[in-house]
Amino acid sequence: MLTPAPTAVSSSADAASIPLVDMVGIDKSFPGVRALSQARFELKAGEVHALMGENGAGKSTLMKILSGVYSRDAGSIRLNGQPVDIVSPRQAQDMGIGIIHQELALMRDLTAAQNIFIGREPRRFGLLDEGALNRAAQAIFDSMNLRLSPTVLVESLTIAKQQMVEIAKALSYRSRVLIMDEPTAALNDAEIAELFTIINRLKAEGVGIVYISHKMDEIKRISDRVTVMRDGEYVGTVPAADTPIETIISMMVGRTLTNEALDIPNTAANPVALDVRGLNRGREIRDVSFSVRKGEILGLAGLMGAGRTEVARAIFGADPRDSGDIWVNGSRVGISSPTDAVRAGIGYLSEDRKHFGLATGLDVRNNIALASLERFVGPGGVINDGAMHETAEKYIRQLTIKTPSDTQEARLLSGGNQQKVVIAKWLLRDCDILIFDEPTRGIDVGAKAEIYKLLNALAEQGRAIIVISSELPEILRLSHRIAVMCEGRLTGTLPGGTSQEEIMRLATLREAAMAVRHAG
Amino acid sequence: MTDTTATPAKSGIRISGAFHRLLAFSGLIALVVVFSLASPNFMQTQNVLAILQATSVNGVLAIAATLVIITGGIDLSVGTLMTFCAVITGVVLTNLCMPLPLGILASILAGSFCGLISGVIIAKLKVPPFIATLGMMLILKGLSLVISGTKPIYFNDTPGFDQIARGSLVEAILPAVPLPNGVLILFAVAIFAAFVLSKTALGRYTFALGSNEEAVRLSGVNVDRWKIAVYALAGSICGVAGLLIASRLNSAQPALGQGYELDAIAAVVIGGTSLSGGRGTVLGTLIGALIISVLANGLRILSVAQEWQTVVTGSIIILAVYADILRRRTL
Numbered sequence: 001m002l003t004p005a006p007t008a009v010s011s012s013a014d015a016a017s018i019p020l021v022d023m024v025g026i027d028k029s030f031p032g033v034r035a036l037s038q039a040r041f042e043l044k045a046g047e048v049h050a051l052m053g054e055n056g057a058g059k060s061t062l063m064k065i066l067s068g069v070y071s072r073d074a075g076s077i078r079l080n081g082q083p084v085d086i087v088s089p090r091q092a093q094d095m096g097i098g099i100i101h102q103e104l105a106l107m108r109d110l111t112a113a114q115n116i117f118i119g120r121e122p123r124r125f126g127l128l129d130e131g132a133l134n135r136a137a138q139a140i141f142d143s144m145n146l147r148l149s150p151t152v153l154v155e156s157l158t159i160a161k162q163q164m165v166e167i168a169k170a171l172s173y174r175s176r177v178l179i180m181d182e183p184t185a186a187l188n189d190a191e192i193a194e195l196f197t198i199i200n201r202l203k204a205e206g207v208g209i210v211y212i213s214h215k216m217d218e219i220k221r222i223s224d225r226v227t228v229m230r231d232g233e234y235v236g237t238v239p240a241a242d243t244p245i246e247t248i249i250s251m252m253v254g255r256t257l258t259n260e261a262l263d264i265p266n267t268a269a270n271p272v273a274l275d276v277r278g279l280n281r282g283r284e285i286r287d288v289s290f291s292v293r294k295g296e297i298l299g300l301a302g303l304m305g306a307g308r309t310e311v312a313r314a315i316f317g318a319d320p321r322d323s324g325d326i327w328v329n330g331s332r333v334g335i336s337s338p339t340d341a342v343r344a345g346i347g348y349l350s351e352d353r354k355h356f357g358l359a360t361g362l363d364v365r366n367n368i369a370l371a372s373l374e375r376f377v378g379p380g381g382v383i384n385d386g387a388m389h390e391t392a393e394k395y396i397r398q399l400t401i402k403t404p405s406d407t408q409e410a411r412l413l414s415g416g417n418q419q420k421v422v423i424a425k426w427l428l429r430d431c432d433i434l435i436f437d438e439p440t441r442g443i444d445v446g447a448k449a450e451i452y453k454l455l456n457a458l459a460e461q462g463r464a465i466i467v468i469s470s471e472l473p474e475i476l477r478l479s480h481r482i483a484v485m486c487e488g489r490l491t492g493t494l495p496g497g498t499s500q501e502e503i504m505r506l507a508t509l510r511e512a513a514m515a516v517r518h519a520g
Numbered sequence: 001m002t003d004t005t006a007t008p009a010k011s012g013i014r015i016s017g018a019f020h021r022l023l024a025f026s027g028l029i030a031l032v033v034v035f036s037l038a039s040p041n042f043m044q045t046q047n048v049l050a051i052l053q054a055t056s057v058n059g060v061l062a063i064a065a066t067l068v069i070i071t072g073g074i075d076l077s078v079g080t081l082m083t084f085c086a087v088i089t090g091v092v093l094t095n096l097c098m099p100l101p102l103g104i105l106a107s108i109l110a111g112s113f114c115g116l117i118s119g120v121i122i123a124k125l126k127v128p129p130f131i132a133t134l135g136m137m138l139i140l141k142g143l144s145l146v147i148s149g150t151k152p153i154y155f156n157d158t159p160g161f162d163q164i165a166r167g168s169l170v171e172a173i174l175p176a177v178p179l180p181n182g183v184l185i186l187f188a189v190a191i192f193a194a195f196v197l198s199k200t201a202l203g204r205y206t207f208a209l210g211s212n213e214e215a216v217r218l219s220g221v222n223v224d225r226w227k228i229a230v231y232a233l234a235g236s237i238c239g240v241a242g243l244l245i246a247s248r249l250n251s252a253q254p255a256l257g258q259g260y261e262l263d264a265i266a267a268v269v270i271g272g273t274s275l276s277g278g279r280g281t282v283l284g285t286l287i288g289a290l291i292i293s294v295l296a297n298g299l300r301i302l303s304v305a306q307e308w309q310t311v312v313t314g315s316i317i318i319l320a321v322y323a324d325i326l327r328r329r330t331l
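The listed protein sequences derive, respectively, from chains A and B. Oh and the first sequence: position 500 is 500 in the working numbering, straight run, nothing missing. Oh and the second sequence: position 86 is 86 in the working numbering, straight run, nothing missing.
Bound conformation, chain B alone (with noise of 0.2 angstroms):
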């Protein structure tokens, strides 16, 4: 209510967004603090790495929401695309003996065209968002079962494909840091994600259209066409994350991916990206992703049922959203 009128001006700094941020990163902290000196066993090595590698797949995912979620949309179907990828990377690799960089590429590029389709279907069918993804979920539901014959995909005919995620490169420099791969696709899509938001135009078109649509297609912007590139750079990356799953399963698994997009709108909005569009960071959505993987984490080393799990990550939305009001409202 507050948000539509006139902001008194206090100062040019951006408070909001660094606050939301630090205070993610505070939790953050806590957390492991928290968890450190519950259990010893949760700072050893193998854990941290453990924990950055299931980060890795939710990460690239909410990265992908967040592109989407700071025009003012949302994506529902990066979990369903991103398991479509795995599967047309499965059928170009195994079952059309394809060698791997076709692999790889046919993941990202058939994540950018279904982007591209859900793209078309929001900016010139003028369907909202929310139900333009919900559909395109179920279709890449769909379409994964039939390609694949509802049967998983092996890449056992492809050596080097559980690499992509589960080899490291860093280990071969520093032995004693075995930093999986996947770890870091995770923070070059981060890296290659924040540099598009902050020093390209479709970057500059993203906030600018989640701020206020209609001041940008008065300017004269064709706001169509940057709306779909948004999505279909957003379908990409999900083709990325496609071949993380697929390579750490050495499989695709048709039925996976449901559920996968509710675990990154939840980083993303943890992270401080507003759901009305205009605001949010890279970086706050990484930190949104690692507080996720981390409770996951920590509360299994407790030995704290998975049920309950979900019920303190689902507290934690709340909670992070709701810190993000009482802030506005003092303000």
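Only chain A is shown next, with the shape it has when bound in the complex (with noise of 0.2 angstroms):
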């Protein structure tokens, strides 16, 4: 078994020679993707050690591997230089490796302290001690020096302060390695100060974190080592106080991706179609204005939580803003619903097609005509089915839609079939504006060729596209002008072609940065 937890001198001793986590060639299939191959990476005790790479990078995926939550097809972990196999989170737990989800693991409607001890109530004659609980998480908590109640409701807590309380569970296992995984994404200045200051001290301690981020500042700020990841694959590990950001960011696009030749038609004197004037919504959408025009493909870009789909949700009346205008067709529109959007010509296709683009259950036809069904209503309310097959099979030719027939399912589609089936629905639709949320997720390398085509074509008989993308060279390839999103704002708007460190360093361009940058 492990080592009991050591006392901070004892454990920085040991960082000299032995690593506290050492994993090498890690490999992690999913069906169909394959998520880690012979990945690595190592942390000593009491550094703070950065995991980056873009999104889909592998970073979460590994971490995931170390704190026992998904099993690893091949490859080794070494704890305080002993093999270990970790195959569960509790195991995890026990050897004293703490993560921290991106996604807040609490239970919302407990208190803090009863979700930090979640699984290991200390009891009295087998009954819950409640009183024994408060003050085993008042300890913790004044360890950190955090005040907050241990009885107060997680729901209750802000993001920050929820956060504080997944540490306090964390550290409550005497965790010597903690997992953070973009511990600052939804936390504002003040308190990320908050934060730095408990890693600090955790640090002194000689507790190893692993913090996986975007933001180049941060990482700059409180990072020791920084390790690189790109599709899976180990990239190479810098210490972060030297290695200037461009290095670091051109580790993580990789210099292996050409750009085709971008052929960007001039669309400057073309009518604008959508025009979207400070649009708010709570801390996810802050002032955002951009105008597409008839025949261009905007691409809007930005890291996973900028803001992206919320725009696009907003547009689309999916979600409701706190203000902000849109103006189509240079008349101002007032869309408070999916149904007022469609009707002005704005279609959406979600990044999610089996939740929220396709009917899966229903036929390729039946899709097709779904947004457009009182077209095919004939006498008596009796839909014409005759005429949908007709349409249906018109638009299967025209975006060659691989299936047998248009009555078959959605579902038995590959994905890009899929995809032009629900483009098929908005064309029906007489959608002028379309908004593509990651046209291209699940779809394989081939179908993507074809649907980049498609978006080209569309954007020739003069229809106004916006493209969402998480992959740099995607929206490079068909984005006639790039919007940049980070933290909800518009950070700045690129040419077409120009290259994925501009990308990049508007995409973790903060706040504080941002204000530089205006007075300047």
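Don't read these hints as lab results, they were simulated from the structure. Backbone N, C-alpha and C define an ideal beta-carbon position, used for all residues, glycine too. Careful, some of the hints might be misleading.
Distance condition first, Cα-Cα at most 20 angstroms in a straight line; then the derived DMTMM-like pairs of lysine to aspartate or glutamate [stated by the list, open to error]:
(1) B/199 - A/231
(2) B/199 - A/142
(3) A/394 - A/363
(4) A/402 - A/390
(5) A/448 - A/231
(6) A/203 - A/129
(7) B/199 - A/121
Here chain A is said to cover these stretches of chain B; the calculated rule only asks that three of the stretch's residues, wherever they fall, bring their Cβ under 8 angstroms from a Cβ of chain A [what the hints assert, rightly or not]:
(8) 43-53
(9) 91-98
Partial pick of chain B residues on the chain A-facing surface, computed with a CB cut under 10 angstroms [stated by the list, open to error]:
(10) 142
(11) 146
(12) 149
(13) 150
(14) 151
(15) 152
(16) 207
(17) 208
(18) 210
(19) 222
(20) 248
Please dock the two separately framed chains into a single complex, following the hints provided.
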């Protein structure tokens, strides 16, 4: 078994020779996806080690393996030099590995103390000992210098305080390894400072911290070393202090992906199809304004949680907005529901086709007709199946949808063809403004190229298109213009054919940096 | 929709549950006042005792349903399980001529066994609770008829059986208050369930499961085991309800039972327990069950046709939940 939790002195002595965690040659596949290939990671006691990479690089997967959420397909994990097999979250906790998940894993209806000790409640005479529970939680809060009542309900806490509860929970296991997955995603500057104070204190006590983040300035501020991953593979480890941000970014995006020559049509003279002015929604969307011309493809780039999908949903009326106007073809339209948006000619293709885009139980024909059903209603309210069939066939030919017939169930089609069915639905509805949210997610490479071709053709026909994508090569390949978001704000607009580095720079531009930029 | 987004911190006190219970409680008081003014017969001791007696079976079933609903599940089988337990008791006492304590034990064991089966189907086979307990409801309905040969089983050979619900221990001490034992049993079950929910690990996990099951799993808790335990406990409480109804009728009526689950769920919902899980109280459920019986009784005294009673109950359910939604929106 493991050595009992040693004191800070002995663990930092260990650090010189044996790393706290040593993961080598880790492979992990999910059905249809290779998530990790020969990935590696090393963590010393008392260091903050940043783990970076683009969305889908495999950071979270690797850490879920370390924390027992997933099991590895191959590779070895050593803890203090001892080979270990981590098969469950419980076991990881017992070994002193704590993880704070990106989506906070708290029970909102329980108190802070009850959350911290879930599964390990102190008991007296077989009953829960709430007094001991609260005292133990208070002791941890005190050690963190955190002012929080153990009996407060988690649902009444801010996200930042909930995060603190998660950290307290991890510490209560005497964690020697603490994994933080995008801990500052929902925090403001003051809260981040508070978090960093706690991280520094833990570090001084010899806890090794894995810090997953996209935010360059934070990485520079808090971490000692940076390991970069790309496409599930290890790229390299560099010291945080002496490595320029540009170097880290180029490690993240790689040089292997060549940009195909992009033919950007001149659309400057075209009329503006969609104009979004001063869009606000909570802290997710902050004063976003942009416009798209007819025949133009606007890429909307940004990291996960930057607010791209939120902007799309707000424009489409799927979520209410706090303020902001939407103009279509030069006149202001009131959009408060998707029905209004569709009437104004806006179609939204959700990133989650199965949930929001496609009626998977219906056949291809009915899916195409879904948004325009009233066109096929004949005398007496009876649906004219013949006309519907003809229309469906037309779109199947036009978009080369591969399906045995228009009565095939939509769920049996491949991802790419499902996407085409959704596109056909909006084309039939005369939507001239199309918002594509992750149009090629879950679609294989061959079909991707076809979807790209289709999007270009739609633009050539004069439609205004917004493409949201987490894949920078995709954004670069498609967009005539690129708007970049970070933390709910539009941090800049770039011409098509710009570089990945430039997009990443804007996508990691924090509020503070923005202020400086505007002042300067 | 707004529920999933972060609620801004306002105060550490839970307002929601307390508010809803207060609302339900004021509703109950209002009903009592209205009916008292409308009819002098309403507040007669006999009538009040009748209301309480009428609440006992539905109240016990509703407490069973409360436990399951707090985990985020649902149990549609509580009504027919109650009948099944009553029939089992009939078999043990009347057909096998066993002593009374064994009959009581058999009912409670049969209940917890069936609850255990439901729990295993839900936790291990991953069948959604609605479907699993719908199936269980029909299975038990059929089994009750099969075992009893579709005929009621009478307890005439077991003296004292009818005293379980109909006798009054209180009357022996306080002759002025002939509170039926059935009501005492309801209170005992309520206190027991409230104790389990607030003081035991099982209760803690009941709330935790309904609040965020994945988080509980990631905390290393054996989620399946606790979930099964909740269904088993709910089942054994249905066993108590089976004893109550059999004692009141002095017989096990195999055709009875279906429909009771809806009254039970109605009481739970009126009492402020969230169908999405994570929150709820036994006290709220008791108030909910009382509201339903007071309504039924009061409307009957006012000579409103029985058909209209269900219309009113249905409207109250919708109103109760709408009031909760309204409060969430404005807060």
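Review point. Between residue 402 of chain A and residue 390 of chain A, does the CA-CA distance stay at or below 20 angstroms?
Key: holds, 16 angstroms
Check your understanding: Holds or violated: residue 248 of chain B as interface residue toward chain A, Cβ cutoff 10 angstroms?
Key -> Not OK, violated: residue 248 of chain B not within 10 angstroms of chain A, min 34 angstroms.
Point to revise | Cut-off 10 angstroms, beta-carbon criterion: hint that residue 152 of chain B touches chain A | key: With a closest approach of 41 angstroms, the residue 152 of chain B hint is violated.
Check your understanding: Given the hint that residue 448 of chain A pairs with residue 231 of chain A, does the C-alpha gap stay at or below 20 angstroms?
Key -> Given pair residue 448 of chain A, residue 231 of chain A holds - Cα atoms ~18 angstroms apart, limit 20 angstroms.
Exercise for review: Would you check whether residue 222 of chain B satisfies its interface hint, that is, whether its CB is within less than 10 angstroms of any CB in chain A?
Suggested key: holds, 9 angstroms
Check your understanding: residue 394 of chain A and residue 363 of chain A: Cα distance at most 20 angstroms?
Key -> At roughly 15 angstroms apart (the allowed maximum being 20 angstroms), residue 363 of chain A and residue 394 of chain A satisfy the hint.
Check your understanding: Holds or violated: residue 210 of chain B as interface residue toward chain A, Cβ cutoff 10 angstroms?
Key -> At about 7 angstroms, which falls below the 10 angstroms cut-off, the nearest Cβ of chain A leaves the hint on residue 210 of chain B intact, so it holds.
Check your understanding: Quick one, are residue 199 of chain B and residue 142 of chain A close enough, alpha carbons at most 20 angstroms?
Key -> violated, 26 angstroms
Review point. Taking 20 angstroms as the top limit, are the C-alpha atoms of residue 203 of chain A and residue 129 of chain A close enough?
Key: violated, 32 angstroms
**Study point:** Interface hint status, residue 208 of chain B versus chain A (Cβ within 10 angstroms)
**Key:** holds, 5 angstroms
**Study point:** When the least beta-carbon distance from residue 151 of chain B to chain A is tested against 10 angstroms, hint result
**Key:** At 44 angstroms from the nearest chain A Cβ, residue 151 of chain B fails the 10 angstroms test, so the hint is violated.
Practice item. Go through the hint on residue 142 of chain B and say holds or violated, using the shortest Cβ distance to chain A against 10 angstroms. Key: Nearest chain A Cβ about 31 angstroms off; hint violated.
The structure does not agree with the numbered hints 1, 2, 6, 8, 9, 10, 11, 12, 13, 14, 15, 20 stated previously, though it agrees with the rest.
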